[in-house]
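The listed protein sequences correspond, in order, to chains A and B.
Sequential numbering from 455 applies to the first sequence in the numbering used here.
Sequential numbering from 455 applies to the second sequence in the numbering used here.
The hints are simulated quantities; they were obtained by calculation from the structure and are not laboratory data.
Don't take every hint at face value.
Which copy is meant is left open, because identical chains are indistinguishable; a pair holds if it fits in one copy or across any two.
To be verified - Below, a list of computed lysine-lysine pairs in the DSBU-like style, where the Cα atoms sit at most 35 Å apart:
id, residue 1, residue 2
1, K625, K469
2, K544, K583
3, K652, K625
4, K576, K549
5, K664, K583
6, K650, K456
7, K740, K544
8, K550, K732
Protein chains: 2
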Amino acid sequence: MKYCFGVDIGGTTVKMGLFEETGAILEKWEIPTNTLAEGKAILPDIAFSLVGKIEEKKLEKEDILGIGVGVPAPVTAEGVVNGSANLGWKYKEVKKEMEELTGLKAFIGNDANVAALGEMWKGGGAGEKNMIMVTLGTGVGGGVIIDGKMLVGCNGAGGEIGHICVNYEEKDCCGCGNRGCLEQYASATGIVRLAKQKLETEKRETMLNKEKITAKDVFDAVKAGDEVADEIAVSFGKYLGYGLANLAAVVNPAVFVIGGGVSKAGEVLLSYIEKPYKERAFFADKNVRFVLAQLGNDAGICGAVKLVLDERGK
Amino acid sequence: MKYCFGVDIGGTTVKMGLFEETGAILEKWEIPTNTLAEGKAILPDIAFSLVGKIEEKKLEKEDILGIGVGVPAPVTAEGVVNGSANLGWKYKEVKKEMEELTGLKAFIGNDANVAALGEMWKGGGAGEKNMIMVTLGTGVGGGVIIDGKMLVGCNGAGGEIGHICVNYEEKDCCGCGNRGCLEQYASATGIVRLAKQKLETEKRETMLNKEKITAKDVFDAVKAGDEVADEIAVSFGKYLGYGLANLAAVVNPAVFVIGGGVSKAGEVLLSYIEKPYKERAFFADKNVRFVLAQLGNDAGICGAVKLVLDERGK
Chain A
455 MKYCFGVDIG GTTVKMGLFE ETGAILEKWE IPTNTLAEGK AILPDIAFSL
505 VGKIEEKKLE KEDILGIGVG VPAPVTAEGV VNGSANLGWK YKEVKKEMEE
555 LTGLKAFIGN DANVAALGEM WKGGGAGEKN MIMVTLGTGV GGGVIIDGKM
605 LVGCNGAGGE IGHICVNYEE KDCCGCGNRG CLEQYASATG IVRLAKQKLE
655 TEKRETMLNK EKITAKDVFD AVKAGDEVAD EIAVSFGKYL GYGLANLAAV
705 VNPAVFVIGG GVSKAGEVLL SYIEKPYKER AFFADKNVRF VLAQLGNDAG
755 ICGAVKLVLD ERGK
Chain B
455 MKYCFGVDIG GTTVKMGLFE ETGAILEKWE IPTNTLAEGK AILPDIAFSL
505 VGKIEEKKLE KEDILGIGVG VPAPVTAEGV VNGSANLGWK YKEVKKEMEE
555 LTGLKAFIGN DANVAALGEM WKGGGAGEKN MIMVTLGTGV GGGVIIDGKM
605 LVGCNGAGGE IGHICVNYEE KDCCGCGNRG CLEQYASATG IVRLAKQKLE
655 TEKRETMLNK EKITAKDVFD AVKAGDEVAD EIAVSFGKYL GYGLANLAAV
705 VNPAVFVIGG GVSKAGEVLL SYIEKPYKER AFFADKNVRF VLAQLGNDAG
755 ICGAVKLVLD ERGK
């Protein structure tokens, strides 16, 4: 039996998993992310934990196919990061450093792209090779899978779908400095923003309280039949559905996988996205399926392992 | 020496080329496209012409690596077309039929995607592996190259960049049935449409005549310093530049290659696109280069040959 490690580096914790090459997860664990001193301990801490696991499990190094790593930053095709705000990293040769620390082959990708790869392998996109994953969290992230491979781009910034413009009339700025980015309407924060704008002038009765509101509150109210919440969800879905229609014209995916905290609202969320999507999609893309992500927090470690399995021969 | 054939099937003529495997073009020729009877003669005519060329040049079949073919329709990864309005084809197994007719390996792609591959290989995108080609002709076509390969998509409709929406307020319909498609503003037809709208209410003196105007007239007037024409070009550039900024956020290309009839306006065209592009591009994509296509009508046959060289080992 051969094995792989999957590693998903986040700003607070590093998730790790030991997998059989078949894809079965043998064990999962976490260590804290030490972001002090420009995050210089992060890779050594990971290596120490992996080497410890190898000893604990009495594995032979030659039976380990490699380590896949997802990083919250653009990653070049050479496994180099030019800076990660969440980790404190400046320029870092992640692949090289990881390989030197462990003596194992390492394969590095952007965390959102790697999570998309995981969902394609064992989650919502299983069976497909052309897929767009949309992660609706604090921001809007994404990963694009083309013919089974992550779209990385020329400097690792492929799949930044939170920053396509969906409203050229927007006055407020996005965190990225532009105006009208998808993230301003479809992230958890964006939904709250839409809700507050609506409630500012709303006269009808509603369960929503504009002083204290979350994206979850909006979709809970939708499920309870709240008319105002429904209209907020319609507005959210229109921006997202229209944005995804534009992505589909370029990527021609078989499936959209919707994940992230907002997706915990469940199937109801998909209906709000699909309707405006179909209105605007190019005819060849009308029948793209919409599904919820299935792997939750394991998408990153799963995708990291898939990266090892796909790339190790090259 | 090994050889390849490149074939670019258009609605009126089929362009063909005999190449050395180094990429050198030995000979180019054309035959008419016979669209009668659902285009059933097209592939036999091509095969007949290729076999004739093999005999004429006294080539050995085993020295021919294959035939690359660009088709004006979506083409699946299996080389199947589900209909081409320009050729009269319904469902057609192009790869299979071509291989049976010639006894040679055949590799099939969408014509716009194949042309993009050609420009990456030997034209405006030479040296790059992540590129978007934009063809501004009667319509707006495109081809997206990711890590050196054409983005084909799940049913061959990848890279339909003429049909991303760039104006959600548009009232007029695009040929595809949607409203606000990039093609409605950035094609030769779209530029004429923008010009006519402008001239409808324009009081200033201008070289442009709204009864008889082409996209070339607009850019000729721009070069002559015509203020009204300049404003039409600004409007064109804004729609296109904003649209390309959205594409870049997803694809993270190194270069945009601008081709098609409208691109004959030359470098002046690029300046009108680049300025609004930079205003809207995600920060990681601000420095994408804009260049004119270089291969003209040879892009298709060149790309078709590149397809053979890339795919034949698989």
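Outcome of the hint check:
1. K625 with K469: neither (39 Å within a copy, 50 Å between copies)
2. K544 with K583: Close inside one copy (33 Å) and across copies (26 Å); limit 35 Å.
3. K652 with K625: Both. Shortest intra-copy (16 Å) and inter-copy (26 Å) distances satisfy the 35 Å Cα cut-off.
4. K576 with K549: both (25 Å within a copy, 32 Å between copies)
5. K664 with K583: Answer is neither; intra-copy 42 Å and inter-copy 49 Å both fail.
6. K650 with K456: Neither way: K650 and K456 sit 53 Å apart in one copy and 67 Å across, limit 35 Å.
7. K740 with K544: Between copies only: 20 Å across chains, 42 Å inside a chain, cut-off 35 Å.
8. K550 with K732: between (45 Å within a copy, 34 Å between copies)
The structure shown violates the earlier hints numbered 1, 5, 6.
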